[in-house]
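Chains as they are written, first to last, in the working numbering: chain Z, 1 to 659; chain S, 1 to 173; chain E, 1 to 158.
You may find that some hints are simply not true.
To be verified - In silico lysine to any residue, SDA-like type, Cα no more than 25 Å apart, as pairs: (1) Z:LYS378 <-> S:PHE10; (2) S:LYS3 <-> Z:ILE325; (3) S:LYS4 <-> E:GLY104; (4) S:LYS3 <-> E:GLY104; (5) S:LYS155 <-> E:ALA90; (6) S:LYS4 <-> E:ILE121; (7) Z:LYS381 <-> S:VAL36; (8) S:LYS105 <-> Z:GLY614; (9) S:LYS105 <-> Z:THR527; (10) S:LYS148 <-> E:VAL21; (11) Z:LYS381 <-> E:GLU81; (12) Z:LYS378 <-> E:TRP110; (13) Z:LYS378 <-> E:GLY104.
To be verified - Label pairs and their computed distance ranges (CB to CB): (14) Z:GLY565 <-> S:ALA8: 39 to 47 Å; (15) E:TRP110 <-> S:SER114: 31 to 39 Å; (16) S:GLY37 <-> E:GLY23: 19 to 27 Å; (17) Z:GLN532 <-> E:GLN27: 32 to 40 Å; (18) E:LEU115 <-> Z:THR608: 50 to 58 Å; (19) S:SER114 <-> Z:PRO566: 53 to 61 Å; (20) Z:GLY484 <-> S:ALA8: 46 to 54 Å; (21) Z:GLY565 <-> S:ALA21: 21 to 29 Å; (22) S:LYS4 <-> E:PRO29: 53 to 61 Å; (23) E:SER82 <-> S:GLY150: 21 to 29 Å.
Worth flagging that the hints you see were computed from the coordinates, not collected in a lab. Quick reminder that beta carbons are idealized off the backbone N, C-alpha and C, glycines included.
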Amino acid sequence: MVGDAVVLVGLAAAAGGTVTGFAAGATGSLDLLRHAQRFARTYAVAMIAACLVMVYALAVHDFSVKYVSKVGSLSTPLHITIVSLWSSLEGSILLWGAVLGAYIAAFVSWSRDRDVEETPWALGTMCLVGGFFAYLIAHPANPFTPAPVPVPGDGPGPNPLLQNHLLMIVHPPSLYLGYVGMVVPFGMAVGSLVSGKLGPAWTRALRTALMWPWLFLTAGIVLGGWWAYEVLGWGGYWAWDPVENASLLPWLTATAALHAAMLPSRRGSLKGWTVTLVLVTFLLTLLGTFMTRSGVFNSVHSFTQSAIGPIFLGFLGVALVACVILLAARIDLLSTEGDPPALVSRETGFLVNNVLFVALTFTVLLGTTFPLVMEAVKGVKLSVGEPYFNQVAIPAGIAILFLMGVGPALPWGEPSPGSAWRELRWPLALAAVAGAGSIAGGVDRALSWTTLCVVVAMFAMAVTAREATRPVRVRMRENGEALGTAAWRAFSRGNRRLGGYVVHAGIVVIVVAVAVSHAFRVEREITLSTGQSVAFEEYTLTLVGRDHVEEPHRTRELARVAVAGPGGDFELAPSLNRYGGGMNPIGTPDVHSTASHDLYLSLLSIGTDGNTAGIHVYRNPGILWLWVGWAIVSLGALVALLPSRAGKAAARPAEQAAK
Amino acid sequence: MNKKVLAAGFVLVAPLVWVLAESFGADPSHIPSPLVGKPAPAFSLPVLDGNGATLSLAETRGKPTVINFWATWCDTCGYEHPLLLRLARTYEGRVHFVGIAYLDKEENLRKWLSSHGGQAFPTLIDVGTSAAVAYGVGRLPESYLIDKQGVIQHKVFGAIDYGDMVRRIEEML
Amino acid sequence: MILAIALALAQEATGLDPRQVVGEPAQGPLAGNVLHDEARRISLLLRCPTCQGMSVAESPAEGARAMRDEVERLVAQGYDESQVLDYFVASYGEFILLRPRREGANLTLWIVPALLAAGGIAAVAMQARRRASLPAPPPPASTVDDYRARAEREIDSA
Chain Z
1 MVGDAVVLVG
11 LAAAAGGTVT
21 GFAAGATGSL
31 DLLRHAQRFA
41 RTYAVAMIAA
51 CLVMVYALAV
61 HDFSVKYVSK
71 VGSLSTPLHI
81 TIVSLWSSLE
91 GSILLWGAVL
101 GAYIAAFVSW
111 SRDRDVEETP
121 WALGTMCLVG
131 GFFAYLIAHP
141 ANPFTPAPVP
151 VPGDGPGPNP
161 LLQNHLLMIV
171 HPPSLYLGYV
181 GMVVPFGMAV
191 GSLVSGKLGP
201 AWTRALRTAL
211 MWPWLFLTAG
221 IVLGGWWAYE
231 VLGWGGYWAW
241 DPVENASLLP
251 WLTATAALHA
261 AMLPSRRGSL
271 KGWTVTLVLV
281 TFLLTLLGTF
291 MTRSGVFNSV
301 HSFTQSAIGP
311 IFLGFLGVAL
321 VACVILLAAR
331 IDLLSTEGDP
341 PALVSRETGF
351 LVNNVLFVAL
361 TFTVLLGTTF
371 PLVMEAVKGV
381 KLSVGEPYFN
391 QVAIPAGIAI
401 LFLMGVGPAL
411 PWGEPSPGSA
421 WRELRWPLAL
431 AAVAGAGSIA
441 GGVDRALSWT
451 TLCVVVAMFA
461 MAVTAREATR
471 PVRVRMRENG
481 EALGTAAWRA
491 FSRGNRRLGG
501 YVVHAGIVVI
511 VVAVAVSHAF
521 RVEREITLST
531 GQSVAFEEYT
541 LTLVGRDHVE
551 EPHRTRELAR
561 VAVAGPGGDF
571 ELAPSLNRYG
581 GGMNPIGTPD
591 VHSTASHDLY
601 LSLLSIGTDG
611 NTAGIHVYRN
621 PGILWLWVGW
631 AIVSLGALVA
641 LLPSRAGKAA
651 ARPAEQAAK
Chain S
1 MNKKVLAAGF
11 VLVAPLVWVL
21 AESFGADPSH
31 IPSPLVGKPA
41 PAFSLPVLDG
51 NGATLSLAET
61 RGKPTVINFW
71 ATWCDTCGYE
81 HPLLLRLART
91 YEGRVHFVGI
101 AYLDKEENLR
111 KWLSSHGGQA
121 FPTLIDVGTS
131 AAVAYGVGRL
141 PESYLIDKQG
151 VIQHKVFGAI
161 DYGDMVRRIE
171 EML
Chain E
1 MILAIALALA
11 QEATGLDPRQ
21 VVGEPAQGPL
31 AGNVLHDEAR
41 RISLLLRCPT
51 CQGMSVAESP
61 AEGARAMRDE
71 VERLVAQGYD
81 ESQVLDYFVA
91 SYGEFILLRP
101 RREGANLTLW
111 IVPALLAAGG
121 IAAVAMQARR
131 RASLPAPPPP
141 ASTVDDYRAR
151 AEREIDSA
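Chain Z on its own, in the form it takes in the complex:
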């Protein structure tokens, strides 16, 4: 089969790339590096081609291919058919491989004119990872295996949850672009460790290599939450499910790595942090993939136990051990001597930031694996769920938020007496006013954490806004530039710095939205008969009727509810969707979003006579701002990723020095 052949080409290319890459690194041979780059590009083409072959097979409903017979169906619409590529294990590993290939190809293009000592090692490492995934596709998780004879005429279609909502089209690819992309900084960090150097040019490249996948990973996580909110019907967006945690863990360490990589290269101790955090990030993505695929965890996402579980664990184990040994052997080469930072300085702020992120990462990992630990050690079955994670995450989140405010206001190096206080006093004053305002405004429910969160958030926002605009104000004051000129110049020369602060602002918005949506949520279960009305908060809900909609791949039962609210009247129609295959119906909620809150209706049951409906009503404040905050974060990341004049100017002399 074409697919099989293409995958084997990919596997061979990856093997070639690994060998020539490491050989090029060991010998310093430019020829070998060129070979490795060629192999890597071949790998990329092969994996992408394999993916396209499967998409084609899905689109034409070639049921002779086992994967198509497993997830394809004549009745699913075309866009869902393409989405079914990642609806099950084998197809999603194909996607992994394709995205991996694309990232490796991008790295090859970038590194073509930069013959730095680290490049061959980085490329070899990436090809090694690529080879492993190609092997998985070629053998244990092969989606191209022929379906058993007789070839079925139709299939069951992909998991109904995937057919329910458009967000499922973007969430997995985005997550994959994030997850898989971490292999590039991983390879680069390995390169650094082997060469014993982490210079300014390589660090800058590493930051970019981190930031792109970070952008996609953030999107993947947020879209996952958005999907859970819009589709699963329980009115929430994050449940600390093991697979959700699996995506959060690398995000936390990647964020910490980005910060650690920001520090001027004179600070040797943070080079060690940077490299370690990057390695850990990638290892956590491997762990996350394992958690999602192995069936070991009890989760909404978990697929049944598959053959790749033990193999994947083996690879993960080897990778973990190899990274530990590599770090232990080479990290001392990276850390240069330097005075430890002063207690009240921005350098210390960065160190504390690392500590907090690592502590939170470890805590989430511990909580997620604790049930497994207790079962393995004591044979006891335990659950560690949302109440626990909220309990530990809230203080951690507030501490990080506080640091987001204090850090940028702290001076570098040796603080002159009182300088820290001078920097901090206005934001602190603003925060105190916000706190007093919210208490006076009648916030008496869930008072402690929510108010503290809002206060700290105000503080962080004030500092962020001031720091973001500082270059503009400085230019206007010292160069006498007009606002427009100053703003443009500050933007074009300091886009990375500005982008970072915009991201911070977005995070503050998200955190406040999370706090508010949790603390002030109101919900109720009601049963309505046709024509009956009930009052809920500022709304009046009336069950108007019921609809039955037949679609090719599902039947839908809708309950039409007329809502009369202060802003106007509208109709919501939560539904129960029944898919073929005898599975339980899946409820789809209907949501009316405003700037201040969401009115969220979830259909629980429809009376057999068709005249009653059981509905769960929620009033969730602040949800819209979660998505707005995410948009701000993404915007900030993109601003930071723009090619900057200052960056290019600094890169040139460094590259001259490296040659």
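Fit chains S and E to the supplied structure of chain Z, relying on the hints for placement.
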């Protein structure tokens, strides 16, 4: 070689890999019952088609009892029902069989039972899920084997296995 | 109040007696909104046994909703949070709690994060204090500003 990093690394990595490896094969959805070995929770529930009569656990004392939680909307329950009927007829008079309907309606139960071999043993109707919660019922069907003294000896998750049930009942007789 | 009595009577009708498991109710009977809020708060701590990790309060599954009613029945009679949780643990096991009991080995879940955060920050602080004891003379002001300016520039171009 930075010994601290090496040591820290292995302290973190080894337990993690070990735990993950150990967890293969364990079914994450199989939860052992804490009630095994304890006296069965007492209940007194209305009987289907009993004209208001109730059946209480105390009435089953002295003979082994099999309590089966099920529902008409549960497919697996349908598969195991003929097995239960066979068991009930085989051990008639020596073992009590009791079915407790979980979140189901009387008409549904009546219709279903009459088309599936009739009622060989009483079917009780739970109030909400009170009895189910008292017995720790999670996913249907679940069955409990109670000995003559009223102590739960075994809990069956999912459909019963005929041979296994025979063996366990014989032990309790 | 009527609802509370009705619920209590319904409980009586089953012949099931929570007193056998958790003893006498610790507080007085609840009703109305207070009952609803307290029942929901406790339901958020109980795991739905047929769902994947969701709480009984949030799961739309019918079994979960019935368990919510059971919680409300118990709370209406005056059982407090620990009694209701104990009642469920007696029949389902510790698995049914979404937050493990704070005892024995479970304490690791709270001690480790606290140690990591506190220990890490302490390590950073101690490192910084080492600088204070170094015999380096305070640099003249202009050098400090110089350094600061260079640092800012490096960050801006970073």
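### Query
Which hints, by number, does the structure contradict?
3, 4, 14, 15 and 21
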